[in-house]
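Participant: Build the full structure now, drawing on both the sequences and the hints.
Just so you know, our numbering puts the end of the sequence shown at 195, numbered straight through with nothing missing.
Treat the hints with care, since some could be wrong.
DMTMM-like, lysine to aspartate or glutamate: derived pairs with alpha carbons at most 20 Å apart [stated by the list, open to error]: (1) Lys192 <-> Asp180; (2) Lys50 <-> Asp30; (3) Lys100 <-> Asp180; (4) Lys100 <-> Asp30; (5) Lys51 <-> Asp30.
If you're looking for bench data, these hints aren't it; they were derived computationally from the structure.
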Amino acid sequence: MKYVLIGIIAYLLGNISFAYILGKIFAKKDVRNYGSGNAGTTNALRTFGKKIGAMVLVGDVLKGLIAVVIGRNLGGQAGAYLGGAFAIIGHNWPVILGFKGGKGVATTIGVMLFVKPLLTLICVAIGIIIIILTRMVSLGSIIGMACAPLVAILFVKPFDFKLLLFCIFIASMSIYRHRDNIKRILQGNENKLKL
Numbered sequence: 001m002k003y004v005l006i007g008i009i010a011y012l013l014g015n016i017s018f019a020y021i022l023g024k025i026f027a028k029k030d031v032r033n034y035g036s037g038n039a040g041t042t043n044a045l046r047t048f049g050k051k052i053g054a055m056v057l058v059g060d061v062l063k064g065l066i067a068v069v070i071g072r073n074l075g076g077q078a079g080a081y082l083g084g085a086f087a088i089i090g091h092n093w094p095v096i097l098g099f100k101g102g103k104g105v106a107t108t109i110g111v112m113l114f115v116k117p118l119l120t121l122i123c124v125a126i127g128i129i130i131i132i133l134t135r136m137v138s139l140g141s142i143i144g145m146a147c148a149p150l151v152a153i154l155f156v157k158p159f160d161f162k163l164l165l166f167c168i169f170i171a172s173m174s175i176y177r178h179r180d181n182i183k184r185i186l187q188g189n190e191n192k193l194k195l
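Facilitator: Structure below.
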């Protein structure tokens, strides 16, 4: 029963869309009607600017972190992974926004910061380098997340099979959510960030 409770709490936390809420409060706009149509950090940054984008980033990271803390307190390591997974799912497919959310990158960072901080920092650093080199947030996000299983194998000692499975889950989720971006990258017409 406790795992069901963790899943429900984490999913509902994930449903809190800071891109939607802060866009409505400060810009009087629905982020889903602009840019990529995603209710996530990158689209909020492009649509509303750096200030609101930064607030959305912090909010999305924190909700992932809080979900894992609640999961850990209620159900140990398994509860932490479950809480993290459902927070990401809740962000990506929020029932309160008709299952149209973000792509889960910032929320995943929040989850992983609690689960394995060093792994997270390595993957984020890789992602940032890719973004700087290409100016494509999507490509940096995809590569940063896709590196997580490899980083888990190379840098986490002793080897943690549950962590590896979780990293495969987050990498798969990120690639799936970025599938349209991948098509645009391959076609050479992906949006680039103005640095």
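Participant: With reference to the structure, classify each hint as holding or not holding.
Facilitator: Okay, the hints, checked on the actual structure:
1. A hinted pair counts as satisfied when its Cα atoms are at most 20 Å apart, and lysine 192 with aspartate 180 qualifies at roughly 15 Å.
2. The straight-line distance between the Cα atoms of lysine 50 and aspartate 30 is roughly 17 Å, inside the 20 Å bound, and the hint therefore holds.
3. Our distance criterion of 20 Å between C-alpha atoms is met by lysine 100 and aspartate 180, whose separation comes to about 15 Å.
4. Distance restraint check for lysine 100 and aspartate 30: the Cα-Cα separation of roughly 12 Å lies within the 20 Å cut-off, and the hinted pair is therefore satisfied.
5. Between lysine 51 and aspartate 30 the alpha-carbon distance is near 16 Å, which keeps this suggested pair within the 20 Å criterion.
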